[in-house]
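If you read the protein sequences in the order shown, they are chains Z and V. Note that our numbering gives residue 65 to position 84 of the first sequence, counting from 1, and the numbers run on in steps of one. Offset between the second sequence (1-based) and our numbering: plus 13.
Hints are computed from structural coordinates only; laboratory data are not their basis. This list has only true hints and no planted wrong ones.
Only pairs whose alpha carbons sit at most 30 Å apart, straight line, appear in this in silico DSS-like list of lysine-lysine:
1. Z:K127 <-> V:K156
2. V:K209 <-> Z:K38
3. Z:K53 <-> V:K156
4. V:K156 <-> Z:K52
5. Z:K63 <-> Z:K127
6. Z:K(-15) <-> Z:K63
7. Z:K38 <-> V:K156
8. Z:K169 <-> Z:K103
9. Z:K127 <-> V:K209
10. V:K177 <-> Z:K127
11. Z:K139 <-> V:K156
12. Z:K(-15) <-> Z:K52
13. Z:K38 <-> Z:K52
14. Z:K187 <-> Z:K169
15. Z:K53 <-> V:K209
16. Z:K(-15) <-> Z:K38
Coverage of chain Z stretches by chain V, computed from C-beta distances (three or more under 8 Å per stretch; other residues unrestricted):
17. 51 to 62
18. 80 to 93
19. 132 to 138
If we take Cβ atoms under 10 Å as the criterion, some of the chain Z residues that face chain V in the derived model are:
20. Y31
21. G35
22. F36
Predicted, not measured: the structure shown is a model, and the values here were computed from it. Glycine included, each C-beta is placed from N, C-alpha and C at the ideal position.
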Amino acid sequence: MPKKVIEIKDLTFSYDNVRPLFENFNFSLYENEKVGLKGKTGAGKTTLLYLIMGFLKPKSGEIILFNKPRKKEEEFAEIRPKIGLLFQDPEIQLFCPTIKEDIAFGPLNLGIKREEVLEIIKDVSEFLGISHLLERSVLQLSGGEKKLCALATIMAMKPLVYLLDEPTTGLDEVYKEKLYKFLKERAKTYLIVSHDEEFLNKTCEKIYYLEEGKLKLWKGS
Amino acid sequence: MHLEEFAYGQSLIHRLDPRGKILLFLIFSIFCVICSSYKGLLLYNIFSVSILFLAKLPLKALIKRLVFINLFNLFLWISLVLGDLIDSFYRAHILIIKPETIKLGLMITLKSNALFLCALGLVSTTSLSSLAHALIHFKIPSKLVLIFFLSYRYFSLLHHEYDKLKMALKTKAFRPKTDFKTYRTYAYLLGMLILKSLTKAEDLYRGMLARGYRGNYPLLNHFHFHPMDYLFLFISLAYLFLIFLV
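In isolation and in its complexed conformation, chain V is listed as follows:
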């Protein structure tokens, strides 16, 4: 499980202060969500694509993710259209798709793509540890940030434990079938994972206590805003504000 596929790079976006990126993404999200004009949403999409262009992310991986997110949009379209058709047939025995339905579907599609692409460009180009540190700088309670960060750290570990358990099953000639024995085996697997995660959590806590942990996650490196961060933020916020006025 690799959530930091795009986190490391040398582009302009990668070198920006994570706090600025998070702040910009938050403001972008608010402006994008409250926008009700197609022109505005297209401009927000252009902004997101520009960020991705500056971040120099691999096109193939981006398209893969874009297709994935738009599969959900496809289901949304199908349900909206079907809803209209069923409703119109039930009321008047005709099949009509209302213009409002198309407008709604289009609005959701444009917004979801703008937000997703912006998140890819601004958030996924930051390592999880930097994100965690930035959140602490924003005075988010360090316990919450620690939970968020350690969850990711230990998902990877649990995935590794799951692989080991699967290997153990294979060495005992286990072959999954549609029978009670298989379901019971998977239930044991799940139970063991839960127990192991509990044991790991207890051990981790002891490890932290042994090194003087008292509830606060100390930071070694602190971020510093550079002139490029200020310039980037200024230009981006000016652009977003102009779109908002449009």
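Isolated chain Z (complex conformation):
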């Protein structure tokens, strides 16, 4: 029986206390599940990811991550390394002087030794084909390069679940192929938020459509 890694129960959330974005919202993501999420702009897709990561507080309801309800910041901080969130804007994830240090930031925070971190950097950068970008600053990268480097920073932490917010935005076919390769070989459980229907169909077994705070099954069972 596959384990639930993310579970949301009866969640209510609103930005302005007038129109709730989510009302008694329920969602589950199981181990080894590959799920896509699409919906209109402003439906709340990114907000859902932020709620899962504990960046936003729901008005009511429960967020259960890896079988433990999470409410306080300490409870989310403990679990965040296990959930790799790729932000829609890759610049949010790239703040160190060089890409190499950006990739190292997460593993070093986890207490991994320097020699091992260097091995991780080598592995991740070779896998994504960004070894030539390691000594560059984020200010010197193109949009697609930033996206791949941002992905490298979360891959380096070896999370158990990936949450990807619009991962194909700004990527050409070459970079998209690298993304497909990553999802096929290195990501077992993931939730992808995207408008790119072709990408979702190719990478997800199940696709939901988010509309007015409710999920409708679009593809899969």
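Here the structure of chain Z is known, so what remains is to put chain V in place on it, guided by the hints.
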């Protein structure tokens, strides 16, 4: 905005450990500021120029900066001299510049040039990230160092945002004039920049939290002192100490 114009190079000074350079600059600053002899200050200036010579920095860029810093000294001289002239005229209806005023102006000019040139040679030849790392090695609280480093990182980004907003104004045929509409537009521009910087700061914080940030900035590469660092420090400190005794 480029604060690291001189940070990258292959000279002896560029290859020195940043911690040694910061320490040397701090000691130099203290000795220079407390020095009260012209001979000593000239020798400190010679030391600073020697550092610049070893750093092989482009002369044109150096002169540009030297002229800029001495413009301030020029204003200082003007205010000192004017002060004397006004004072002497008010008291005795004559115009006199006191020797003490000249001595003070000269002292400030020599000190400011020595300090500025030394900073150019020792501090600006270090990249900001190395400076930040060196400060952490000196046990400066990592939160302060992070604020310092991220401020520079995000000045560049905000400058970029400012350029985008300016472009947006141009596409709407905005032409600045001396009128209320222009002032209001600039006020909107400033307000948007402030809001964007707040949003960027919040997003950055989330990005750091998502990668396990708990308040400490981890270092990937650590500095190591080499024999050349020790030799350079020894010679420099010996020279500074000799000047101090003179």
